[in-house]
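**Student:** Spelled out from the first residue to the last, the chains are:
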Amino acid sequence: MECYNFKPKSKFREFVGEKLIAVTAFTALVAILLIFVFIFKEATPIFTSPEVQEEASLNKLTFKQVYREGRAAKWKWQPESEVPKFSLLPLFIGTLKAALVAMLFAVPLGVGAAIYASEFASKRMRELIKPVVELLAGIPSVVLGFFALLVLATALQQTLGLTFRLNALNAGIALGIAVIPIIFTVAEDAMTSVPHSLRDAALAVGANPWQVSFTMVLPAALPGIAAGMVLGFGRAIGETMIVLMASGNAAVISTSLTDSMRTFSATIAAELAEVVFGSPHYNVLFFIGTLLFIFTFLINLAGDLVLAKLKERFQGKMG
Amino acid sequence: MNIAADKRPTAAIGYSATYQYKPKSSGLLPRSLTFLAVLIIIAILAVIMFNIVCGGIGVISWEFLTHPPERGMEAGGIFPAIFGTVALVILMTIAVIPIGVLTAIYLQEYTRPDSKGIRLIRLAINNLAGVPSIVFGLFGLGFFIQWIGGGIDSLFFEGGRPVWGQPAIVWAALTLALLTLPVVIISTEEALRTIPRELKDASYALGATKLQTIRRVILPQALPGILTGGILAVSRGAGEVAPIMFTGAAYYLPYLPSKLNDQFMELGYHIYVMATQSPDVEATKPILYGTVLVLLVLTFMLNSAAIMIRSRIRSRRVNV
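Keeping their order, the protein sequence lines are chains A and B. Reminder that position 234 of the first sequence reads as 234 in my numbering, one-by-one numbering, no gaps. Add 1000 to the 1-based position in the second sequence for my numbering, that's all there is to it.
What the hints contain is simulated information worked out from the structure, not anything from laboratory work. Note that this is a predicted model, so its numbers are computed, not measured. Hints may contain errors.
Claimed, not checked - Examples of chain B residues toward chain A, derived with CB under 10 Å:
hint, residue
1, G1027
2, Y1106
3, L1181
What the hints assert, rightly or not - Covered by chain B, per the in silico footprint, the following chain A stretches (three or more residues, Cβ under 8 Å):
hint, stretch
4, 34-45
5, 188-199
Said to hold, decoys possible - Over 10 Å on every C-beta distance to chain A, these chain B residues come out as not near it, computed from the model:
hint, residue
6, I1040
7, V1053
8, P1068
9, I1099
10, S1133
11, G1151
12, G1160
13, W1164
14, K1210
15, E1240
16, Y1255
17, K1285
18, F1300
19, R1312
Note that the Cβ used here is the ideal one computed from N, Cα and C, for glycine as well.
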């Protein structure tokens, strides 16, 4: 009886289909490898080509240089000047400054809101908070940059009486707005995934709800909250459009939050369009890209590891 | 707590200090402080929205949406930027949906979660989501334009001007596809996990093969999740500027992109250039606000749609 024959129509087709799916699944892995290879490839002349090293060796990127005889050695980023200067230190300080301001702004708000949403909020309130954060996360960074450039900068300058409209404070706060959703989401997730058995145990020995939150849930979820901060920091370091538009883009060494500044990412965005392909400047920009890639890669790796460990621990306790 | 205390007969407990669980504080302070954080976040969103809606609503008109810019962006509309953005995300979707969905199917249906290869793929997906968007831009330039595009040129179009080895809408779309790949994978996977086992078992019991089951049972069931992923990817892709700055976006073009290797105008890039490089900021301000409003409304509508579809999927999981 033919109709009861359950042999698949074509074993070959099954085989090809499965292999096709399997090969496609490796796209993400291949992509991440290709990204590293192709960005690092354009940065290698800094290590290999003597011609490029004349202007931009690793040594020149990091240490003080004497650019004109008789003058003091300096760290300077002036790639377009007659004597191109490629010190990364001003950019490094700028990147760090903006990211730190962003974290100072975003951590209290993100973690605070996460604690409220997970511990105190009614179900209805929680259903309001989550979409709000999601909408905040959905604002394109160019729109945040625009807002910081036109509105926030003016407001800050007028209230604080600043000399420079565009500065580290302005860029940092706008960057913080972009980072809040990441910190909130990861922290809230960590707290809500604390097993109910732990909460119940604390309640059973007589703790009241807020004692449960602060002596039981928070300590248990702390690694997750920390991971949220780390991931947020990674985003703050790599974010481009906001700092490009709101920071003033002056590559100066200064620890003041009210001076203009410039980050790694903004430098790439501002200069790559005009650079000569294959010039030392071009190589240095790709080298900065490599640094950003490696740094965010490590940060994400660390964050994910902590979260995976935490998940394992919580699920273990439940079982 | 010492053992002696534990052994005391219950009746003798006079409620020593250690057993007094009366809260020292009512918890009002942490409660109100964290609530303040929530209020500030809501206020930030409200202020941004209010400012942009107020600044932009007056400019929005049919003419603004359907006409090209005039007089150095000081008048006219933004139609080419809208057209370019839509064309860009359509191309991106064509590239990212199949790859993302097949990856999710492989991870959920074909493999065990603890195998080494799978862990590696997951690691790659997570990290791809964390790579700064400007790095994607560098990659698009180095890989798609110079390596692939330049390679095609040197094979088929020797000598002349670059045909494919130059910024183009297809390279920008592919760069964005890589950037949004994790969004599609994660969202599809979530949907795949909600499909009840019984449905698959029923399909196998009827004699369907794995591929047939995927095509006829799993994919239709996962459609809302795939849709959510696609919408989120489009909303993310429409807002990203850094990856397309060097891979195809142009500030002003007198024509609309019609071929894959044309350059294009785009809303986000339009905003960036108008805001930072306009010779007369005050003159372009209304149009700038209008453009921002259009982009913001576009991404918010897409995000709200995704949130709604997703909450529907999640409630389905509870019901089965």
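**Student:** Please flag the earlier hints that this structure goes against, numbers listed from lowest up.
**Tutor:** Those not satisfied are hints 5, 6, 9, 10, 14, 15, 17 and 18.
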